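K.L.:
Here is how the chains run, residue by residue.
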Amino acid sequence: MHKQTHRHVWKRIRDREAGKLRANHFANRIKSNRISQLQLSNHKDIVSPHKGAINSLQVDSTEGRYLLSAASDASVAVYDVQRPTVYEAGGGGGGGISKHSSIFVVDKQHQQGHKYAVSTAIWYPIDTGLFVTGSYDHHINVWDTNTTQVVVNFKMPGKVHRAAMSNLSTSHMLIAAATEDVQVRLCDIASGAFAHTLSGHRDGVMTVEWSNSSEWVLVTGGCDGAIRFWDIRRAGCFQVLDQSQTQLGRRPPILKRSMITKDSSTKLRAAQKKHANGSGSRQQPIGRVPSKGPMKQRLHPGMLSTQDRATAHYGAVTGLKATEDGMYLLSAGSDSRLRLWDVESSCNTLVNFETVRLQINKPLQLATTQDSALVFVPCMRSVKAFDMWSGNTYTILRGHYECVNSCWFNQHDQELYTGGNDRQILVWSPARSIADEMEGTAEDQDNWSS
Amino acid sequence: MTIWNYVVTAHKPTNVTHSCVGNFTSPQDLNLIIAKCTRIEIHLLSPQGLQPMLDVPIYGRIATLELFRPHGEAQDYLFIATERYKFCVLQWDSETGELVTRAMGDVSDRIGRPTDNGQIGIIDPDCRLIGLHLYDGLFKVIPFDNKGQLKEAFNIRLEELQVLDIKFLYGCSKPTIVVLYQDNKDARHVKTYEVALKDKDFVEGPWSQNNLDNGADLLIPVPPPLCGVLIIGEETIVYCSANAFKAIPIRPSITKAYGRVDPDGSRYLLGDHTGLVSLLVIIHEKEKVTGLKIEPLGETSIASTISYLDNAFVYVGSSYGDSQLIKLNLQPDAKGSYVEVLERYVNLGPIVDFCVVDLERQGQGQVVTCSGAYKDGSLRVVRNGIGINEQASVELQGIKGMWSLRSSTDDPFDTFLVVSFISETRILAMNLEDELEETEIEGFCSQVQTLFCHDAVHNQLVQVTSSSVRLVSSTTRDLRNEWHAPSGYSVNVATANATQTISVRIFSLPGSESHHKGTIRNNRREIILSSCAFEGISYLLCALGDGHLLNFMLNTSTGELTDRKKVSLGTQPITLRTFSSKNTTHVFAASDRPTVIYSSNKKLLYSNVNLKEVSHMCPFNSAAFPDSLAIAKEGELTIGTIDDIQKLHIRSIPLGEHARRICHQEQSRTFAICSLKYNPASGEDSEMHFVRLLDDQTFEFISTYSLDTYEYGCFIISCSFSDDNNVYYCVGTAYVLPEEMEPTKGRILVFAVEDGKLQLIAEKETKGAVYCLNAFNGKLLAAVGQKIQLYKWVLRDDGTHELQSECGHHGHILALYVQTRGDFIVVGDLMKSISLLIYKHEEGAIEERARDYNANWMSAVEIVDDDIYLGAENSFNLFTVRKNSEGATDEERGRLEVVGEYHLGEFVNRFRHGSLVMRLPDSDVGQIPTVIFGTINGVIGVIASLPHEQYVFLEKLQSNLRKVIKGVGGLSHEQWRSFNNEKKTVEARNFLDGDLIESFLDLNRSKMDEISKALDVSVEELCKRVEELTRLH
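Residue numbers (full-length UniProt numbering), protein chains in the order written: chain A, 1 to 450; chain B, 1 to 1033.
Honestly, I wouldn't trust all of these hints.
Said to hold, decoys possible - The calculated DSS-like cross-link candidates involving lysine-lysine, where the alpha carbons are at most 27 angstroms apart (straight line), are:
(1) B/Lys198 with A/Lys44
(2) B/Lys764 with A/Lys11
(3) A/Lys99 with B/Lys883
(4) B/Lys767 with A/Lys31
(5) B/Lys12 with A/Lys256
(6) B/Lys757 with B/Lys883
(7) B/Lys745 with A/Lys20
(8) B/Lys12 with A/Lys20
(9) A/Lys44 with B/Lys677
(10) B/Lys883 with A/Lys20
(11) A/Lys31 with B/Lys984
(12) A/Lys11 with B/Lys677
(13) B/Lys151 with B/Lys185
(14) B/Lys883 with A/Lys11
(15) B/Lys767 with A/Lys99
(16) A/Lys31 with B/Lys764
(17) B/Lys745 with A/Lys11
(18) B/Lys767 with A/Lys11
(19) B/Lys185 with A/Lys20
(20) B/Lys335 with A/Lys256
(21) A/Lys20 with B/Lys983
(22) A/Lys256 with B/Lys185
(23) A/Lys20 with B/Lys677
(24) B/Lys151 with A/Lys31
(25) B/Lys840 with A/Lys99
(26) B/Lys984 with A/Lys20
(27) B/Lys185 with A/Lys11
(28) B/Lys174 with A/Lys31
(29) B/Lys198 with A/Lys256
(30) B/Lys191 with A/Lys256
(31) B/Lys983 with A/Lys44
Just so you know, these hints were derived from the structure itself, not from any lab. The structure displayed is predicted, hence computed values, not measured ones.
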């Protein structure tokens, strides 16, 4: 008797109601099923008003409803991805298509709008009442969504490449800003001032990403090829990723039985890593990193890595993405390499992602599925979905006419949104079946109004 | 319109999720501990069988239940972990008979992805540590110290992501786990790891084994002297250790449960998904394993757990059928089975559908559920209250009292029924032909009302009238002696036992004597029944003329009365009568709301009898009608047997197949079900799907329609159409083809019941599965895949009817659950919560009116009223949303506002409007609308919509109860009821926990007083208001 995979949706629904399939297992399998069917959407269109390259995409995390996009023509737009503006009934037997036009646009004509390309637009994590934009005009603006007025403004020392806020934060409202300058700046919405600067990169900072397991940990990627981990409550970074520090697999190798009595050199490493998860008192991570030589004992542990010149990529780090479980970090570099890092051991996992060509001079926005089984990577004019642990290409999404810059995966709907230099925002979704043929009447049976 | 809801359990969970055996209540006690998802039961194994000792709720869904014995302890401790990452360690206090919390904590993490193959919690056999697998890639360790205390937990990274099972191995000098996992090519392997406590990491384990049976799913660790592990697959069972590898092929099956038989680990019981129990033997010579052998023993319920107790007694816990206590006999029976079923324990789970019907036309709903799965599928008829099965009845007016008498002291049966009227007494008797006929007892005075009768020693009978007490021979029926009341006096109340008669005229109640005298003055009648013993505890029950009952605990040596409680049993004077059922004492309270009073778990319980008004009652255990009662109603005397005494009475109709949908049709007096039958005899599992018609009294199958190959029944309703007087059953189906991921085809079948047969009248093919059907505006509304489609019933030229599509609405992911009210349609989506549609008659169109934008994965929906809609979702929560027609903007009007959130902790499959209880017009709760729900765990619950003032009052009561009642294991009720899914955790809102509120009635008096003081409401008033709520279910 060979094992049936039971991929059938109907059987899964039946097994869930009988308690044969755990409820959360059911939801996760349905999601995986839907992700395996991603294609250029046959039922949903986003009507982009942008006249420049799409640089940033984000859907709010509270309702999964509002998509925020930023473009090189200094414009920012918001769309309702759940409720279409119009619904076009298909002719000739085709299915209907819902069209989602922008709810509003802020551009150069706005008196407080940005003057040059907007590199980043992000929602305030708690609700959609505020959003934050960062621009090549050296400004970060915080906007009131309902009035489309700037409520706080931060002048930055150079072009803003990326800005980020922590989804976990309950204690701070900090915007982390990556700019042409070597310092990362933390902007406090509450006070309107810079709360902190983080020094260590030797060239401009391309990208920032907050940890998914601690509100205090920030990860930055620089033009110097370095990826640095910072605890924003302390000076200096506590970890620099070194591509030559490797492990094969998801965790450092298990100790052989013959090595049981061997002294471990992990104590200092463990001490340093207490900060990484922000809850060191409750949890003590285990690391297995070969010693790099004599430890510089005199330095404060948090300052150990300031002088570390290790690099994660032979080229600028152009994209960072923390996995949802907080255990791994993906990085993309201008060396056209994609790397998967074990956050706890700080090791390169040596997952060999198949050959990719990555843009070299702009930040890339990577996306992962909620279960982190797949990563979506802009690869010139296409988007490649890689299996996270084998590095194999799962699918290639072709539809853009020019380079893709941004990917956003909407967990609510298992939809992927991509934006590129062709000014398009494309929706990739599970195929929806074609609506019924007309049954002997000329009237359109499927009415929709909003 | 009300958004305030009261959620209460009418029937507790019955699905057994865990069980374990050990010495928990004392070193000499052998205990069986059972978990039913959110409750634990502790039983003691005694020569009489399983004795219940404790039954308590847990504020969490139990993920792990393990008994363990720390070093140096004489008794086992109990480890419980919940799905929301709480754990506790419980100990039994022998002196108080209570659970004590030894440890508690939270093992949630900020990193890691929650595992969806099921959480694992295990304890090292040498009690060095507890291991937990809660997140993919992480193994959490909670070490013990030398004194058995828990130390700080830490995580070890686990390479394997798809973990199927983890167990600790026996006999290892270091704690060692064995991990059964699946790789990314879907191959299955086992690997061992030692836990290095000092390094807080794994060390390579002693052995591993690759490429097991593809269905390997279960590990069984083997204790010394053999050690090693058994790996249970679908086609192979493997024994594996550092020294040996033995494999044995088995009949293809899915094994879900096992129980170890011997302390030396050489024999195991295995239970599979067909209910077959087998004995697995590890064949060995001394400590060397030489082979495996498996032997079928017989059939049980499909086991979810197996606990070997003692002396070949085994407890089989079940999720898909009733749980059982079985005996394994040495010799097979006539069918070759070694299994003898000694006891069955009801399991209603999983309830996948139900309907609410009034089968006996008594004005009270009965719930008929589709329960169970595979061969253990059944229908269950769930009725509140105790039914009387009439055997005989006589028309008699004006009955004032009734007593049963025997014809001799040694006769085990009653012969005479003495019926008293206002100015005469009549005798009914069973004659030699076992017929009830009027007769005479010459020694009795038949021209006056009898106040009391009783059997007396030495073959004698006693009759008490207002003027005399008469002693009569039961054999000759002649008067033997008589006592006359003194002139000017009369007897008012009398009672007796076999040897003496007591009369009283004036009675004083203890404590607050003046107050109670005042109370007594306002009542014309008082009836006293003293020294009534339930479960060895003595109570004094006092029935008052206004329909209230007082009960006190009675200390028989000191005469002290304590723990006074007052219960309303109606509005008319009550008469009390003791009777016995199944060797247990019960009291029948006859009034306008007849009730049986009994004790369960040392607690007095009240269960209503399904009769409108009973004036008198007495037990009548005759040879012709054993264990019967005689009941006097308005104008009628009835003799009948009584149902089992319990609050909810459950009648089980085994089907031998899995009923998935049910519907009742009043007009044809039938039920129709969609069911499936598994055919395990085939090489692979195959299913046959049917639509079956059942008689609504006998539940016999009277007609069957077989669906096509691969055609599965999805839904069934009874409905009629515009311009057609007939009533039809409509069935929605889906063609579930193996090569498709989702059905692309289904049918709607329209049946009429003609001459007791299902006749197919019409059929309509659909482009997807028909998940739901509703009668709607004289038409048929179908949920077909991602679409809502409206069909009208059209008369064709040839005189036949057909379903014709009128209009539809799509945009759903999958429209799984639909309810309608007027022109409004409420849709529960697979993953997009609730949307509200409206049908526009003039345009013949269906439009979306509003939607909830939360990504709720729905499992059931219901319309509470015109504006409030109720949903249940995949993470075991309930929520309500409200239509906002008055909103200022389109966006506001287009959004269903979430107005209530609550963690039920149960997976709800169906909501139905209805009530389990008779709606009494005089009752405060009679006007409260209720919805009944059914769950996977077999819970039947009620959700009631309360007026705001009542809600606010009860919310304060709930808040105070939280302070007074602590959850077992230190678990927090507030945290337990918080709405929780993968996106958020928020406080419960606009829902009250009726189970907690009604536990007020179980408190001792001092705790009641404490709450009474805090709320500034008297205890009597609080009891009254909470008692009223218990009448909702």
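K.L.:
Run every hint past the structure and note whether it holds.
P.N.:
So, going through the hints one by one against the coordinates:
1. For the suggested pair B/Lys198 and A/Lys44, the alpha carbons sit about 56 angstroms apart, so the restraint of at most 27 angstroms is broken.
2. Distance hint between B/Lys764 and A/Lys11 is fulfilled; the C-alpha atoms sit about 22 angstroms from each other, no more than 27 angstroms.
3. Restraint check: the Cα-Cα separation between A/Lys99 and B/Lys883 comes to about 25 angstroms, which is no more than 27 angstroms; the hinted pair holds.
4. About 23 angstroms separates the Cα atoms of B/Lys767 and A/Lys31, which keeps this hinted pair within 27 angstroms; it holds.
5. A threshold of 27 angstroms between alpha carbons decides the hint, and for B/Lys12 with A/Lys256 the separation of about 51 angstroms lies outside it, so the pair is violated.
6. Annotation: proposed proximity of B/Lys757 to B/Lys883 is violated, straight-line Cα distance about 44 angstroms (limit 27 angstroms).
7. At most 27 angstroms may separate the alpha-carbon atoms for a hinted pair to count; B/Lys745 and A/Lys20 meet this at roughly 25 angstroms.
8. Only pairs whose Cα atoms come within 27 angstroms are accepted, and B/Lys12 paired with A/Lys20 is accepted, the gap being roughly 20 angstroms.
9. A C-alpha spacing of about 42 angstroms is found between A/Lys44 and B/Lys677, which places the hinted pair above 27 angstroms, so the restraint is violated.
10. Restraint check for B/Lys883 and A/Lys20: the C-alpha separation of about 35 angstroms exceeds 27 angstroms, so the hint is violated.
11. Note on A/Lys31 and B/Lys984: the hinted pairing holds, with a Cα-Cα distance of about 19 angstroms set against a maximum of 27 angstroms.
12. Of the pairs offered as hints, the one joining A/Lys11 and B/Lys677 holds, with about 15 angstroms between alpha carbons and a cut-off of 27 angstroms not exceeded.
13. Taking the CA atoms of B/Lys151 and B/Lys185, the gap is near 38 angstroms; set against the 27 angstroms cutoff, the hint is violated.
14. The straight-line distance between the Cα atoms of B/Lys883 and A/Lys11 is roughly 33 angstroms, outside the 27 angstroms bound, and the hint therefore fails.
15. Between B/Lys767 and A/Lys99, the direct Cα distance comes to roughly 25 angstroms. Compliance with the 27 angstroms bound is thereby established for this hinted pair.
16. Among the hinted pairs, A/Lys31 with B/Lys764 is inconsistent with the structure: their alpha-carbon atoms are about 31 angstroms apart, more than 27 angstroms.
17. The suggested pairing of B/Lys745 with A/Lys11 holds, with an alpha-carbon distance near 15 angstroms, which does not exceed 27 angstroms.
18. As the CA atoms of B/Lys767 and A/Lys11 are separated by approximately 18 angstroms, the hinted pair is consistent with the 27 angstroms bound.
19. Distance restraint check for B/Lys185 and A/Lys20: the Cα-Cα separation of roughly 24 angstroms lies within the 27 angstroms cut-off, and the hinted pair is therefore satisfied.
20. Distance restraint check for B/Lys335 and A/Lys256: the Cα-Cα separation of roughly 55 angstroms exceeds the 27 angstroms cut-off, and the hinted pair is therefore not satisfied.
21. With a CA separation close to 24 angstroms, the supplied pair A/Lys20 and B/Lys983 stays within the 27 angstroms bound.
22. For the suggested pair A/Lys256 and B/Lys185, the alpha carbons sit about 26 angstroms apart, so the restraint of at most 27 angstroms is met.
23. Restraint check for A/Lys20 and B/Lys677: the C-alpha separation of about 16 angstroms stays at or below 27 angstroms, so the hint holds.
24. The hinted pair formed by B/Lys151 and A/Lys31 fails the criterion: a straight-line CA distance of about 39 angstroms is larger than 27 angstroms.
25. Only pairs whose Cα atoms come within 27 angstroms are accepted, and B/Lys840 paired with A/Lys99 is accepted, the gap being roughly 24 angstroms.
26. Straight-line distance between C-alpha atoms of B/Lys984 and A/Lys20 comes to about 26 angstroms, which keeps the hinted pair within the 27 angstroms bound.
27. Restraint check for B/Lys185 and A/Lys11: the C-alpha separation of about 23 angstroms stays at or below 27 angstroms, so the hint holds.
28. Proximity of B/Lys174 to A/Lys31 is assessed by CA-CA distance (about 41 angstroms); at most 27 angstroms being required, the pair is judged violated.
29. Proximity of B/Lys198 to A/Lys256 is assessed by CA-CA distance (about 15 angstroms); at most 27 angstroms being required, the pair is judged to hold.
30. At roughly 14 angstroms between alpha-carbon atoms, B/Lys191 and A/Lys256 fall within 27 angstroms of each other, so this suggested pair holds.
31. Between B/Lys983 and A/Lys44 the CA atoms are separated by roughly 25 angstroms; this keeps the pair inside 27 angstroms, and the hint holds.
Of the numbered hints listed earlier, those contradicted by the structure are 1, 5, 6, 9, 10, 13, 14, 16, 20, 24, 28.
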